[in-house]
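There are 2 protein chains.
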Amino acid sequence: MDGKVLIYSPFSKAMLTRIAARFELIDAQGKPPREAFSADELGDVRAIITAGGEPLGRAVMESLPKLGAIVCYGTGYDGIDRAAAAQRNIVIGHSPAANSAAVADLSMTLLLAAVRRLLTADAYIRSGGWAAGQPSLRLAPPRGMTGRRIGVYGMGEIGSKIAARAAAFETEVGYYSRSQHDVPYPYHASLEALVEWCDVLMIAVRAGSDTRHVIDAAMLRRLGQGGIVINISRGSVIDQAALLTALQDHTIAGAGLDVFEVEPLAPGALSALSNVVLTPHLGGHTAESHIAMQDCVIENLSAFFAGRPLRYPVG
Amino acid sequence: MDGKVLIYSPFSKAMLTRIAARFELIDAQGKPPREAFSADELGDVRAIITAGGEPLGRAVMESLPKLGAIVCYGTGYDGIDRAAAAQRNIVIGHSPAANSAAVADLSMTLLLAAVRRLLTADAYIRSGGWAAGQPSLRLAPPRGMTGRRIGVYGMGEIGSKIAARAAAFETEVGYYSRSQHDVPYPYHASLEALVEWCDVLMIAVRAGSDTRHVIDAAMLRRLGQGGIVINISRGSVIDQAALLTALQDHTIAGAGLDVFEVEPLAPGALSALSNVVLTPHLGGHTAESHIAMQDCVIENLSAFFAGRPLRYPVG
Chain Z
24 MDGKVLIYSP FSKAMLTRIA ARFELIDAQG KPPREAFSAD ELGDVRAIIT AGGEPLGRAV
84 MESLPKLGAI VCYGTGYDGI DRAAAAQRNI VIGHSPAANS AAVADLSMTL LLAAVRRLLT
144 ADAYIRSGGW AAGQPSLRLA PPRGMTGRRI GVYGMGEIGS KIAARAAAFE TEVGYYSRSQ
204 HDVPYPYHAS LEALVEWCDV LMIAVRAGSD TRHVIDAAML RRLGQGGIVI NISRGSVIDQ
264 AALLTALQDH TIAGAGLDVF EVEPLAPGAL SALSNVVLTP HLGGHTAESH IAMQDCVIEN
324 LSAFFAGRPL RYPVG
Chain B
24 MDGKVLIYSP FSKAMLTRIA ARFELIDAQG KPPREAFSAD ELGDVRAIIT AGGEPLGRAV
84 MESLPKLGAI VCYGTGYDGI DRAAAAQRNI VIGHSPAANS AAVADLSMTL LLAAVRRLLT
144 ADAYIRSGGW AAGQPSLRLA PPRGMTGRRI GVYGMGEIGS KIAARAAAFE TEVGYYSRSQ
204 HDVPYPYHAS LEALVEWCDV LMIAVRAGSD TRHVIDAAML RRLGQGGIVI NISRGSVIDQ
264 AALLTALQDH TIAGAGLDVF EVEPLAPGAL SALSNVVLTP HLGGHTAESH IAMQDCVIEN
324 LSAFFAGRPL RYPVG
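Protein chains in written order, with our numbering: chain Z, 24 to 338; chain B, 24 to 338.
No wet-lab data here; the hints were simulated from the structure.
Be a bit skeptical, because a hint or two may be false.
Here are some, though not all, of the chain Z residues that point toward chain B, as calculated from beta-carbon distances under 7 Å [as the list claims (entries may be wrong)]: (1) PHE46; (2) THR143; (3) ALA144; (4) ARG188; (5) ARG201; (6) VAL300; (7) THR302; (8) HIS308.
Even for Gly, the Cβ is constructed at its ideal location relative to N, Cα and C.
With the rest of the complex left out, here is chain Z (with noise of 0.2 Å):
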């Protein structure tokens, strides 16, 4: 064992099972480690696993006097306030390409479940509306996926797993993206020159203070009424409340939503909308990915441990 790490937010037991068999583990199961730890017991942690959006400032920081490396589980580390952590010298790595391929494919659930009202066909079914030949509006004849203009905001790991999959679908892809990157897709030059091309618009930009709500009311109108909206990245970067009001006078068409301002979300006006479909935040959630991102723990973790730069660190 090579030192005390910290699990800061809840983790599954077969992860921390995992974890355990080559760390030394105390698991604060989402409480603030002051509350959770005395701080003796506090006082050899010398790093902490924790999901990448879950706030994690300085004083928690402080609370951890020989803390040197915050490993985030998953791509994301928009919870971590990185200029305190540079200023107390401690490293930040990630799992960047361990869940892609499932997040991506859950863009992809979401954005055909939407497209083709999935929830309404099989609860006209189970409801027996099909049996007694009961019309139902929402299953008019949809558009389909056939020439879908896909805008991809953002085209790091995930949005190009995401750009590959949506363009299989005789579709025309397009993206934005701070950066222009080696893709056969066409950049467009703003976000809001891509809105306005697309009409499905699949967000996995990574989040942060630069993105908060830039998918906003204006944004969605000129997303338009055909349009759908997806997102697999972080709640924060969709302005709610205006998403919700569009999606309830029919300024867009649908959405898909991973994530939200506010998780869990609660049951409310969001989850009454027939032109929603809604999942518990589970895009990088499957066995295989789950293995893939605590190999990627085990690494950075054993890394630091060793004395040598973490094998995924924080770009």
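Dock chain B against chain Z, hints included.
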């Protein structure tokens, strides 16, 4: 107006309006023609438009003495008594590729929803389960798409489009078809060999007496515990009672079904299951594929009434 056309199956108003602009129609609205119309009214009917899966036998043909063409809406023509038609020199047409993209898209929608347990996930949010932090066994991390072996049964227009879509999800694709095709996927010499190899079976075979119940209890055991079966072809290809048992006792993991032995499907044992995703035979049901199928009907009828061979004859 070139001649009278009988509408045999129920079709949408939008379609009938479009066809009626070019041809003289009488609409049986799904009733047997002899019930709906007098012998006199049927006497000068020269063509029929029908949904290809709907039984259309010798008796109907005999009630239409001038019938020369049966035009199927969609790809399938398994409901037509082809021998009877041939004896009376009635030609048969269909819309071979018009809806294949839409059908392939739906098969991927069903597969992704089954793999990622979309219905359970959405219901978990809407019911308040996520907000309450309720555990959900059905939401334990599933095996995702990456590396899955996708077996495509049938390599026609639809099968090849399914294969192209599935391959974009970082899977392995293989197929079985009566004959080998010039496609970049390994060919398996028999359906048994394909099912033994794959863990997802995508049924895209043309239905007929030779394919009735080929997916039976033994074949489902061969597919195995992690297996998922998707059917967008015809309900007759699967022994539905055997499938129900295999889903209930977890001989296979799940299914996505757009077609059933008896349609419409009434709520019952199948729709009580959480490991199936069900849609009411809407594979080809998108705005653009309806237009394309109508185009095929119009081209077939125009050719027929001009005394030329059908534009899209049944092969």
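Could you tell me which of the hints above the structure violates, numbers in ascending order?
-> Going through the list in order, the structure violates hints 1, 2, 5 and respects the others.
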